[in-house]
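Asker: These protein sequences, in sequence, are chains A and B. Counting with the numbering used here, you get residues 320 to 495 for the letters of the first sequence. Counting with the numbering used here, you get residues 2 to 118 for the letters of the second sequence.
Honestly, the hints are just simulated from the structure, not real lab data. The model shown is predicted, which means the values in this text are computed figures rather than measured ones. Mixed in with the good hints there might be a few duds.
What the hints assert, rightly or not - Here are the computed lysine-lysine pairs in the DSS-like style, where the Cα-Cα straight-line distance is at most 25 Å: (1) A:Lys473 <-> B:Lys48; (2) A:Lys445 <-> B:Lys31; (3) A:Lys328 <-> B:Lys87.
The primary structure of each chain is shown beneath.
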Amino acid sequence: MGDILELIKARRSIRRYEDRPIADEDLLKIVEAGRWAPSGSNRQPCVFVLVDDRDAIETLSAFSPGVIGRAAAVVAVCVDDSRRLANDRGSESLDPMDVAMAAQNMLLEAASLGIGSCPVLSFDGKSVARVLGLPGHVRPLLLVTLGYALGPAKAPARRPLSEILHRNRWGEAFTK
Amino acid sequence: MSNDGNHKGIAPGGAAVATLDPKLTREVYKTMTFILTAAKTLVDEPKDYGPFRLVDAVGRLAQVLVRTGYADDAVRAMAEEIEHEKYYGLKDETELLLFLDKLLEKAAENLASRPKA
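Could you put the whole structure together from the sequences, leaning on the hints where they help?
Answerer: Have a look at this one:
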């Protein structure tokens, strides 16, 4: 197993893509990574709509200002409310967390395959649900664009650990 | 306005009003939809997303004109500049304003020298 921290650090949000498709087997691996994400109360509420038809991506993009480049595929990460309602498992407040964990798995799997990605929150959920033909109990919470990066992307600066990490109590520095 | 398949625009009263390219009108309609969607999503988004979405919308419109063969040199140049800058520049407000000043200077020169339609 490779060093997962190096993969995490190497991942970038990619918005400019080459004009070439992603193999189905790689797309399936990326969604498989999302499937294995943890979820609150193990509800497994996430369902995925994989869009890789060019016209369908362009239509989806018209309702998604955050989709900047011409991705090879877009995955709508959705929650199926019936999973929660049928089993009385948790509240809606868990949904964004479950979706975020699934999406992060997908971003990392994509990075491990040499495929660029970008999580997108800037879209109109009602319109996206309509163009994807989602049933009423399925809501899109996040889009993940996928494609081969056109050129390298720089890593934005990160806040130092000393600024964000406290040990045992707020304000106490982490010292070894 | 609708299209009768012969590239004729039909006004609500039924009169033909213009010759339209269905590919162009579809692409423009998608761009209009993008702008409307941005107007909604921007309500909850950081303030500096607004100028970027407007620049992106202009870039998308310019690309539509390029792809459908309706772009002249000025439109093509604007499309290329926005396409490049939206990925590699516009990191902060200062860069955005410099970029917009450059584009607007060219636009002012262009519009002043264009023959009247």
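Asker: Next, verify each hint and record whether it holds.
Answerer: Now the hints, each set against the structure:
Note on Lys473 of chain A and Lys48 of chain B: the hinted pairing holds, with a Cα-Cα distance of about 24 Å set against a maximum of 25 Å. A distance of roughly 17 Å separates the Cα atoms of Lys445 of chain A and Lys31 of chain B; the hinted pair therefore holds under the 25 Å criterion. The hinted pair formed by Lys328 of chain A and Lys87 of chain B meets the criterion: a straight-line CA distance of about 24 Å does not exceed 25 Å.
Figure legend: structure checked against the earlier numbered hints; every hint is met.
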